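Colleague: These protein sequence lines are chains A and B, in that order.
The numbering of the first sequence is my numbering, which starts it at 137 and goes up by one.
The numbering of the second sequence is my numbering, which starts it at 137 and goes up by one.
These are computed hints drawn from the structure, not numbers from a lab.
Note that the structure is a prediction, hence the values are computed from the model and not measured.
It is possible that some hints are incorrect.
Pairs count within a copy or across copies, as identical chains cannot be separated in the list.
[Said to hold, decoys possible] In silico SDA-like cross-links for lysine to any residue, where the CA-CA straight-line distance does not exceed 25 Å: (1) Lys303 - Ala146; (2) Lys435 - Glu172; (3) Lys194 - Trp397; (4) Lys194 - Val224; (5) Lys335 - Gly428; (6) Lys194 - Val403; (7) Lys154 - His339; (8) Lys435 - Ser221; (9) Lys452 - Met137; (10) Lys303 - Pro250; (11) Lys194 - Gly351; (12) Lys243 - Asp456.
There are 2 protein chains.
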Amino acid sequence: MRQNQQVVLASRPEGLPKESDFRVVSVPLRDLAADEVMVRVIYLSVDPYMRGRISGIKSYAEPVGIGEVMVGGAVGVVIESRSGSVPVGSYVTGFFGWQEYAITGTKSLRLVDPKIAPISTALGVLGMTGLTAYFGLYRVGEMRDGDSVLISGAAGAVGSIAGQIAKLGNCRVVGIAGTDAKVDYLTRELGFDAAFNYKTTSHYAASITELCPQGVDVYFDNVGGAITDAVIPLMNVHGRVAVCGQISQYNLEQPEMGPRWMSQLIVKRTKVQGFLVGDYAADFSKALAQLGQWLGEGKLRYIEQIEEGGIGAAPKAFIDMLQGGNSGKQLVRISQD
Amino acid sequence: MRQNQQVVLASRPEGLPKESDFRVVSVPLRDLAADEVMVRVIYLSVDPYMRGRISGIKSYAEPVGIGEVMVGGAVGVVIESRSGSVPVGSYVTGFFGWQEYAITGTKSLRLVDPKIAPISTALGVLGMTGLTAYFGLYRVGEMRDGDSVLISGAAGAVGSIAGQIAKLGNCRVVGIAGTDAKVDYLTRELGFDAAFNYKTTSHYAASITELCPQGVDVYFDNVGGAITDAVIPLMNVHGRVAVCGQISQYNLEQPEMGPRWMSQLIVKRTKVQGFLVGDYAADFSKALAQLGQWLGEGKLRYIEQIEEGGIGAAPKAFIDMLQGGNSGKQLVRISQD
Chain A
137 MRQNQQVVLA SRPEGLPKES DFRVVSVPLR DLAADEVMVR VIYLSVDPYM
187 RGRISGIKSY AEPVGIGEVM VGGAVGVVIE SRSGSVPVGS YVTGFFGWQE
237 YAITGTKSLR LVDPKIAPIS TALGVLGMTG LTAYFGLYRV GEMRDGDSVL
287 ISGAAGAVGS IAGQIAKLGN CRVVGIAGTD AKVDYLTREL GFDAAFNYKT
337 TSHYAASITE LCPQGVDVYF DNVGGAITDA VIPLMNVHGR VAVCGQISQY
387 NLEQPEMGPR WMSQLIVKRT KVQGFLVGDY AADFSKALAQ LGQWLGEGKL
437 RYIEQIEEGG IGAAPKAFID MLQGGNSGKQ LVRISQD
Chain B
137 MRQNQQVVLA SRPEGLPKES DFRVVSVPLR DLAADEVMVR VIYLSVDPYM
187 RGRISGIKSY AEPVGIGEVM VGGAVGVVIE SRSGSVPVGS YVTGFFGWQE
237 YAITGTKSLR LVDPKIAPIS TALGVLGMTG LTAYFGLYRV GEMRDGDSVL
287 ISGAAGAVGS IAGQIAKLGN CRVVGIAGTD AKVDYLTREL GFDAAFNYKT
337 TSHYAASITE LCPQGVDVYF DNVGGAITDA VIPLMNVHGR VAVCGQISQY
387 NLEQPEMGPR WMSQLIVKRT KVQGFLVGDY AADFSKALAQ LGQWLGEGKL
437 RYIEQIEEGG IGAAPKAFID MLQGGNSGKQ LVRISQD
């Protein structure tokens with residue numbers, strides 16, 4: 137019987153997760169039931185939201201229990217099928233978790249066409265990452281032609297796509313990132329109008345004021361904390377803050393204290409709105425068509441960092457990503473294509 | 137020549153304003169120019185927003201300068217007129233400031249019909265107060281039939297109207313106020329489903345959870361601070377926070393620190409939006425017609441506290457109001473009707 141290597145949660149992390157908070161186990165794969173398929177996972181996605189899912193606090197989804205397989209999106213190929221609609225050889229993406237093989241029904245699968253783009257993009261620019269950037273800007277941020285758009289975590293998976301989508305929407309785009317190399321990449325390769333390294337900037341507000349001379353209409357926030365505190369008073373009247381992530385806060389054991397700035401929201405009539413991409417599922421296919429068109433026309437670039445170490449390397453890739461070690465989308469190669 | 141007593145700003149307050157931060161001056165009234173009218177002020181409104189206007193920080197409007205007449209809405213009667221459209225004897229409301237007489241053009245005036253309701257209501261339920269409650273709930277809070285609505289500063293001018301409008305909209309309404317008498321008034325007289333006294337409650341979140349068993353769909357926030365910190369995690373998915381005021385913060389010299397809760401906005405996809413009623417001016421007349429209808433049908437009650445001491449009593453009435461001394465609308469009688 138074929139064995140399946142899985143990464144399970146070994147203990148609830150305190151602060152930044154450690155590799156010892158995870159454990160690799162090997163379990164035998166059962167036979168397929170009717171209408172099920174077996175997927176050999178090729179790429180696994182590791183993302184900031186996973187930190188929340190292992191915190192033990194009930195959020196929008198149940199937390200991962202101790203001893204349970206880590207959750208996560210992945211892409212792979214069907215190697216056994218009892219489904220009439222998804223034959224062996226199909227490339228599929230779904231929420232397969234951190235494991236080498238997934239046995240699943242077909243309703244939650246999305247077919248991936250390897251002729252359109254490399255299959256890894258189903259986890260990135262043509263998947264949740266691209267969709268998050270798209271809906272965050274347009275639906276939550278209500279982005280309009282000519283807006284001044286500021287993006288924190290701009291070199292991350294979502295931020296790097298969001299900046300390019302904003303440029304395609306005729307906006308002026310400024311990014312905030314954590315290394316000089318990332319700042320260079322944003323401005324030289326991805327077309328951001330400006331960017332700065334928050335780790336070498338002593339006064340965030342001064343940098344933002346300098347780089348956003350027209351103020352900020354849309355703030356796409358991936359990080360929160362002191363950076364966001366600095367942005368709020370610089371929002372334009374009727375500006376919108378799309379709250380995508382708060383990675384600066386995810387590893388804190390206690391809520392961090394910060395200056396209260398809600399009075400500023402009145403002065404500027406600012407809207408601050410959190411979102412989850414799943415709320416826009418009804419419009420995914422339309423948005424994916426748009427993202428695919430931009431990608432095909434060479435208007436959208438994506439960065440992937442692929443950890444080649446197999447399923448056992450997933451914890452380290454995840455922990456490095458939480459610390460900003462990546463540019464763009466962080467993937468783990470689980471098997472060869 | 138007739139003399140006009142005015143209250144001018146004598147010094148920028150530090151923290152809670154003191155009476156000595158204001159000074160009464162007497163100035164002669166000039167003759168009217170063409171199309172101008174002279175208004176004898178009858179009631180002056182004192183409101184929380186005025187604290188921001190004397191802080192010296194440029195906000196949505198220029199701050200009141202030292203030696204300048206305090207800003208404020210008022211209602212009065214025209215005693216001289218060089219306008220064809222606004223004859224002597226007309227009741228009018230406008231932004232007349234803290235003074236006994238105002239000389240003004242007629243474009244910024246609104247005529248008040250004393251047959252519909254007492255003229256003081258032009259400053260309250262049939263004026264900015266009622267409009268703020270109405271647009272805050274419906275436009276910013278996107279209030280819908282059956283919603284669970286929570287209101288802080290619920291016994292204040294805006295809060296007490298907002299709660300009644302929410303009841304008229306078939307919502308379940310809970311108020312937060314600062315005395316047991318206010319709590320009684322909200323539940324026994326104004327029809328709130330429940331209310332609690334935050335000054336005698338040690339654990340805000342527990343009280344809110346108990347009184348809002350269905351969570352909170354719309355939070356109409358007049359106060360901010362620790363009360364709002366407690367509400368945010370209790371918002372329902374896709375809940376809306378209408379940020380009307382932050383009176384707990386207005387007298388602070390330094391921004392207060394509080395726990396960062398933006399991650400909660402993602403979990404619940406909460407919208408937090410500040411607003412100023414002036415942004416909805418295009419729809420004022422429609423909303424006033426609705427408010428007037430409810431008032432006429434006896435469906436809307438209003439509370440006024442009238443300080444009878446004349447223009448010189450305005451500073452004290454303002455300072456008392458900032459400390460929650462009032463229930464409902466705080467007015468100052470400047471002259472007899």
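Colleague: State for each hint whether it applies.
Modeller: Okay, the hints, checked on the actual structure:
Taking the closest pair of Cα atoms, Lys303 and Ala146 never come within 25 Å of each other, the shortest separation being 43 Å inside a single copy and 50 Å across copies. Taking CA atoms no more than 25 Å apart as the test, Lys435 paired with Glu172 passes in neither setting, with 38 Å inside one copy and 60 Å between copies. For the identical chains of this complex, Lys194 and Trp397 are inter-copy neighbours only, at 15 Å across copies versus 27 Å inside a copy, given an alpha-carbon limit of 25 Å. For the homomeric pair Lys194 and Val224, neither the shortest alpha-carbon distance inside one copy (37 Å) nor that between copies (66 Å) is at most 25 Å.
For the homomeric pair Lys335 and Gly428, neither the shortest alpha-carbon distance inside one copy (34 Å) nor that between copies (57 Å) is at most 25 Å. Proximity of Lys194 to Val403 under the C-alpha cut-off of 25 Å is restricted to the inter-copy arrangement: shortest distance 10 Å between copies versus 34 Å within a copy. Taking CA atoms no more than 25 Å apart as the test, Lys154 paired with His339 passes in neither setting, with 32 Å inside one copy and 35 Å between copies. In the homo-oligomer, the alpha carbons of Lys435 and Ser221 never lie at most 25 Å apart, since the shortest distance is 33 Å inside one protomer and 61 Å across protomers.
When the C-alpha separation of Lys452 and Met137 is checked against a cutoff of 25 Å, the pair qualifies neither within a copy, at 29 Å, nor between copies, at 84 Å. Taking identical chains as interchangeable, the C-alpha atoms of Lys303 and Pro250 are never at most 25 Å apart, the minima being 27 Å within one chain and 56 Å between chains. For a Cα distance limit of 25 Å, the shortest separation of Lys194 from Gly351 across copies, 16 Å, qualifies, whereas the shortest one inside one copy, 37 Å, does not. Within a single copy, Lys243 and Asp456 get their C-alpha atoms no closer than 33 Å, and across copies no closer than 63 Å, so neither meets the 25 Å cut-off.
This entry does not satisfy hints 1, 2, 4, 5, 7, 8, 9, 10, 12, going by the numbered hints stated previously.
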